[in-house]
Each structure stands twice: as C-alpha cells, then as structure tokens.
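Colleague: Going down the list, the protein sequences come from chains A and B.
Numbered per my numbering, the first sequence finishes at 424, counting up by one with no gaps.
Numbered per my numbering, the second sequence finishes at 241, counting up by one with no gaps.
Among the hints, erroneous ones may be present.
[Claimed, not checked] Only part of the chain B face toward chain A is listed, based on derived beta-carbon distances under 8 angstroms: (1) K55; (2) A73; (3) R76; (4) A88; (5) Y89; (6) F200.
[Unchecked claim] Using C-beta positions, here's what the derived DEER-type ranges look like: (7) B:E212 - A:Q324: 20 to 30 angstroms; (8) A:I22 - B:Q184: 44 to 54 angstroms; (9) B:E65 - A:S410: 21 to 31 angstroms; (10) A:R240 - B:V78: 19 to 29 angstroms.
Everything labelled a hint here was simulated from the structure, so no lab data went into it.
Each residue gets a CB set at the ideal place from its N, CA and C atoms; glycine is no exception.
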Amino acid sequence: MSKLFTLIKKELREMITPQVIIPAVVMVLIFMFIGNVVGKETKKFKAPQNIVVLDNDGSTLSGEAVEILKKSNFNVSRLAETTTNEAIRIAKEKNISVVLAIPEGFGEGIEKLKPQKIETYAIMKNFSLQGNQSKAILDASLAAFNNFVSDRIIASQLKGGNPADLKNPIQREDNVIIGDRMAKVNAATIIGFVQSQATFLPIILFIIITLASTIIATAIATEKENKTLETLLTTPVDRRFIIMAKMIGAGTVALIMAGIYIIGFGYYLKGLTGVGAGAGNLGGAAEALGLVITPGGYALLGLTIFSGILCALSIATVIGSFAQDAKGVQGLISPLMIMLLIPYLLLMLIDINSAGPALKYLVYAIPFSYTFLGIQNIFLKNYAMIFFGIGYSLVFFTVFVLIAGKIFSSDKIITLKLNFRRKK
Amino acid sequence: MPIVLEVKNLSKNYGSVTAAKDISFNVSDNEIFALIGPNGAGKSTTIRMIATILKPTSGMAKVLEHDIVKDAARVREVISYLPEEAGAYKNLTGRQYLRFMADLYANDKKKAKEFVVLGEELSGLGKRLSDKIGAYSKGMTRKILLARTLMIRPKLAILDEPTSGLDMINALEVRKIIRQFSRQGMAVLLSSHNMLEIEFLSDRVGIIDKGEIREIGTSEELKAKHDSRNLEEVFLKVTNR
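Turn these sequences into a full structure, and let the hints guide you.
Modeller: Here's what the structure looks like:
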C-alpha cells in the first residue's frame with residue numbers, strides 16, 4: 001500500500017500545479033467581482049426610484065395621484081406650469097431617467113369617465129439590461145397611477161364597496177401536490193426553489209466530471225509521450241496501483257477545483273440574488289412537500305455523484321491509453337464530452353419522461369443522466385431510479401476499469417495508438 | 001561467470017510486420033553487452049521485451065532464471081530500465097524524483113534513503129537537485145535519469161542510448177560510471193549508435209539488422225573476423241551496406 005501512496009503523492013504533485021490552480025482562482029475572483037457589481041446595481045434598483053412628474057393639470061386628482069406615487073416607493077420631483085422640454089432638461093440635470101407629463105384637464109376628464117393620456121419620456125443612456133430600468137420604472141409608476149385612479153372611480157360609483165373586491169372577485173388559493181404530500185404554496189415558487197438547486201448542481205457536476213476526465217486522460221497521455229510510463233511499467237509496482245493512483249489523483253484535483261468553483265459561483269449567485277446559492281425562503285411549504293434533503297438524502301446524492309465521477313474516470317483512463325500525446329487527448333475525449341453534454345443540456349431544458357421513446361432511452365442509457373437527475377430524484381423520493389443509477393454507473397465503472405486493467409497489464413498500453421490529428 | 005540474462009529465439013510481430021526474429025544471446029554477471037544496429041533494426045523492441053514492457057510473440061527470455069512473461073513481477077525487482085529520449089516528471093524537483101523512484105524499489109525507508117544518497121551523488125547535479133526537472137536542460141535530465149537507473153544497484157541495467165543528449169565530458173563521466181557499476185556486479189544490456197562508445201564500454205557486441213542478430217562477439221573478435229579497423233566497418237560489412 002505504501003507504493004500506492006507514493007504514486008498518489010506523485011500524481012498530486014504533477015496535477016496540482018500553478019497552471020491548474022491560478023486560472024480557477026482567477027475565475028472565482030471574476031465570479032465574485034461580477035456578482036458584487038450586479039448585486040450593488042440590483043440594490044440600487046430596489047431603492048426608491050427617482051421620477052419627474054410634470055403636473056400641468058393641478059387638479060385635486062392629479063395631486064393625490066402624485067402622493068400615491070410617493071407612497072409607492074418613488075422619489076417624485078413635481079413640476080408645474082412649465083414646458084415638457086424644461087421638465088426633460090431638469091430630469092437630465094438630476095440624472096433622472098423617467099418623466100411623466102400630466103396634461104391640463106386630466107382630472108376633469110377622469111371625473112367625466114373619459115380615458116386620459118399621460119405622456120411618458122424614458123431617457124436612455126445605454127442599451128444594457130440595466131438600461132431597461134427606465135421601462136420598469138415607467139411600468140411601475142403607471143400601474144400605481146392607474147390603480148389609484150380606477151379605485152377612485154369605482155369607489156365613487158360603488159358607494160360603500162371595496163374596489164379591490166370588484167376588480168378581483170375571484171381569489172385564488174394555491175396548493176401544490178408532490179407524491180402524497182400537499183402544501184399551500186404557489187407552483188411557480190416551488191419550481192423556482194427546486195430549479196435553484198437542480199440547476200446549480202449540474203453545472204458544478206459538469207465541471208467536476210469534465211475536469212477529472214481531462215486530467216486523467218492527459219496524465220496518461222503525457223506519461224506515454226515522455227516515456228515516463230515505460231519507466232513506471234518496469235518498476236516493481238502492481239500496475240493496478242498505477243491506474244488507481246491516477247484515478248485518486250484526478251478525482252482529488254477535480255473535487256478541489258469543484259470546491260473552488262462552488263465558492264465562486266455561490267458568491268456570484270449571492271451577489272445576484274442577495275441570498276446564498278440554493279437557499280429558499282418557503283417557510284414550512286418545502287418541508288411539508290418533502291423538498292428538504294435529509295442526511296440520508298445527502299448520502300444518496302453523494303453516492304450518485306461519486307459513482308458518476310468514478311464512471312467518467314474509468315472511461316477517461318481507457319481513452320487516455322489510446323492517446324499518443326497530451327494534444328491527442330483533446331480529440332479522443334470528445335465522445336465522453338458528448339456523453340456528458342447530451343444529458344446535461346436535455347435534462348435542463350425538457351422533462352425527459354415526456355420525450356419520445358428513442359430520446360428517453362438514449363438519455364437513460366448514458367450513466368451521467370442519473371448523476372444530473374440525482375437531486376430531482378431525491379426531492380421526488382424516486383429511490384428506485386437513484387439506486388438503479390448508482391448501480392448502472394458502477395457497472396460502467398467496473399467494465400471500464402477491467403478494460404483499463406487489461407490494457408495496462410499488457411503491452412497494449414504502449415502499442416495502442418489512435419490519433420485524429422492530421423499527419424504532416 | 002553466472003548468466004544474468006538469457007535470451008532464446010525471442011520474436012515480436014506487429015500484425016504482419018516482424019520487428020524482432022529469433023533473437024538469442026546471453027549477458028553474464030559483470031558483463032556489458034551492446035546491441036548495435038540501424039534505426040528500425042529491432043534494438044528497442046528487443047530491449048522493451050526484456051524490460052517486460054512488450055510481450056514477445058514467441059521465444060523466451062529469463063533474468064536470473066525468472067521468465068520475463070510468466071514471472072514479470074520478479075524480473076522487475078532486479079532490472080532497471082532507461083528508455084531512449086525519456087523525460088521525467090517536470091513538476092517534481094530532481095531530489096523528489098529520486099525519492100519517488102527509490103520508494104518504488106525499496107522495501108524500507110533506510111534502503112530508500114541509501115538509494116537517494118547514491119542517486120544524488122551519481123547525478124552530479126548538486127544544488128540543482130532542488131530545482132524542478134522542468135527547468136533542467138536535456139543533459140541534466142539525462143543525468144538524473146541515469147542516476148535513477150543505477151542508484152538501485154540493479155542486477156541488470158537496460159540502457160537505451162545512455163549518453164544521448166550529453167556533451168563529451170558528461171558522456172565520458174557516464175561511461176566511467178557504467179563500467180564501474182558493471183565491475184561491482186551489475187550486468188548491462190545497452191544500445192547505442194555511438195560506435196566509439198560501444199568499443200569503449202562493451203565486453204561483447206551483438207549486431208542486429210532487420211530484426212535479426214547477424215553477429216555476436218567482442219569488438220576485437222568481430223574486427224578480426226571481418227578484417228576491419230573499427231566497429232563501424234564491421235557493422236557496414238555485416239549489414240551489407
């Protein structure tokens with residue numbers, strides 16, 4: 001066993017290099033920076049929004065409407081008896097992006113139940129998503145305005161009734177059922193909660209599996225290229241140890257890198273949403289629906305992920321054996337990448353159970369599908385699928401480890417050659 | 001002298017291509033046996049079979065009575081192989097590399113330490129042993145690899161072009177070390193393109209061409225037999241070039 005540890009130590013020294021760690025750390029810093037910047041801007045957006053209201057009507061109704069805007073999280077700069085151009089000039093001066101102009105006769109027209117126009121001016125400075133802010137402010141201010149005015153009209157006609165009851169005579173009470181559990185909650189909220197977790201994990205998984213596979217295949221190919229493998233094969237070391245050490249080394253590096261990415265992505269999401277990655281504030285609804293991962297659930301999720309990583313490592317070991325050099329790995333590893341991409345993209349976009357039989361069987365034939373579906377299956381308590389996935393991945397792992405063992409214990413490891421690069 | 005390496009009718013085919021055919025020779029204790037031949041003659045294939053990397057198609061070879069196929073694990077305990085144009089782990093320092101290789105051969109820490117001390121001395125790299133191998137020149141890399149090969153004091157050292165990449169002074173030094181180790185009880189199987197090196201180092205020479213051994217003997221015997229002034233001439237006559 002001490003020889004195995006010697007080999008693992010060597011693999012880690014070879015695999016954990018500044019060239020591997022520095023880009024990952026830089027990526028995390030970029031994630032943190034973007035999350036921080038976007039988060040700050042989002043906070044600004046949530047603060048009271050500045051708006052210029054040109055009230056050339058001066059009626060009681062227009063005055064009350066402006067007061068309603070102030071109560072609806074708007075900082076209103078009210079102007080009267082001036083031109084629209086002057087109002088726009090003042091808005092530009094104060095760096096305000098929205099102007100509402102209430103024309104003369106507005107209040108009188110409303111009293112006569114005639115629809116009235118309010119002119120809106122959006123001062124655009126760029127076309128980024130944040131440039132869309134002025135539209136959002138306009139929509140929100142006009143909605144507040146309309147609501148107030150319609151409430152006033154309904155109240156005046158209804159005498160004693162509640163305008164809100166008339167506008168929404170049907171009240172909804174949402175319930176969601178998962179399996180045999182039910183909770184009073186909106187379906188969109190539950191989907192949002194599950195997706196926040198079920199989307200985040202596959203991204204990290206995709207990174208881990210891709211990294212681990214590339215690292216191990218490159219490690220084997222580099223050893224072949226440098227002839228260090230030839231030396232290693234003539235030493236008194238069990239050849240299975242050579243494969244195991246590479247798998248353990250690549251798996252460890254992939255987990256470290258995944259940890260770094262999780263931290264970075266967590267900061268990014270925190271910056272964007274103001275909450276930690278995957279966090280949800282659903283009170284008892286999630287718990288009532290069983291959408292809480294128990295320690296047993298975490299253990300199963302861990303096993304699902306672990307079996308998926310093992311499966312990828314074993315396939316990549318065989319692939320690495322075919323490569324003549326490190327550059328050749330890029331081409332050879334593409335079938336594995338396709339095996340990862342198909343379930344990764346499809347499961348994010350569609351419900352695979354409602355897909356056609358050919359597509360469904362294709363996805364379920366790929367062992368990584370069960371890894372990507374892991375968290376959903378745990379939420380849905382689909383234990384049969386979870387255990388089948390773990391077993392299926394381990395069968396793949398065993399088959400490919402046996403193939404790798406066969407290759408390493410024969411001279412195939414030296415003589416096998418596949419090169420897709422064009423010969424000069 | 002006891003025979004360390006016995007090779008009998010060793011052959012290797014890659015599909016329809018015969019890389020080595022009926023190769024037979026022996027190497028005794030303290031002896032340096034050199035295989036010479038043009039590129040593609042079958043030297044490296046023969047050496048790789050004896051080093052337990054390639055499996056022979058037919059024939060047999062034994063190292064200290066251990067069969068290279070049936071008892072490969074035991075063979076690996078007593079041989080040390082230096083491939084031609086081999087590299088080393090670039091992210092390890094020279095010292096870490098020697099320690100890594102020593103740990104693979106030694107059964108205890110004391111033995112491993114002895115190997116490393118000898119390896120450090122043989123490499124002659126001094127303070128540069130603390131540098132990463134990625135920063136070494138081709139010559140320095142070759143020296144650390146040769147030190148690694150010899151530090152474990154194998155019963156049979158298999159050296160493919162041992163001085164390739166070394167300047168004249170370092171090559172001379174290396175040849176001296178190989179000879180010294182051989183005299184201390186190590187058999188050596190080497191291949192080289194450098195006829196001067198072969199004449200200086202080897203006790204016996206095997207000329208290989210198109211996968212077959214054409215001649216075996218000491219340099220003097222071969223020169224006398226083919227009425228030649230040096231091994232180069234012998235080589236050309238034997239291979240009809």
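Colleague: All hints, please: hold or fail.
Modeller: Structure-based check of all given hints:
1. Residue-level restraint check for B:K55 holds (minimum Cβ-Cβ distance to chain A is 5 angstroms; threshold 8 angstroms).
2. Nearest Cβ of chain A to the Cβ of B:A73: about 7 angstroms, under the 8 angstroms cut. The hint holds.
3. Given the 8 angstroms rule on beta carbons, the hint for B:R76 holds: about 4 angstroms separates it from the nearest Cβ of chain A.
4. Among the interface hints, the one on B:A88 holds; its C-beta lies about 6 angstroms from the nearest C-beta in chain A, closer than the 8 angstroms criterion.
5. The interface hint given for B:Y89 is met, as the beta carbon of that residue sits about 6 angstroms from the closest beta carbon of chain A, less than 8 angstroms.
6. A least Cβ separation of about 26 angstroms between B:F200 and chain A goes past the 8 angstroms threshold, and the interface hint is therefore violated.
7. At roughly 28 angstroms, the beta carbons of B:E212 and A:Q324 sit within the given window of 20 to 30 angstroms.
8. Taken as a hint, the range 44 to 54 angstroms holds for the pair A:I22 and B:Q184, whose Cβ atoms sit roughly 47 angstroms apart.
9. A hinted range of 21 to 31 angstroms for the beta carbons of B:E65 and A:S410 is consistent with their spacing of about 24 angstroms.
10. A beta carbon spacing of about 21 angstroms between A:R240 and B:V78 agrees with the range 19 to 29 angstroms that was offered as a hint.
In summary, the one numbered hint that this structure violates is 6.
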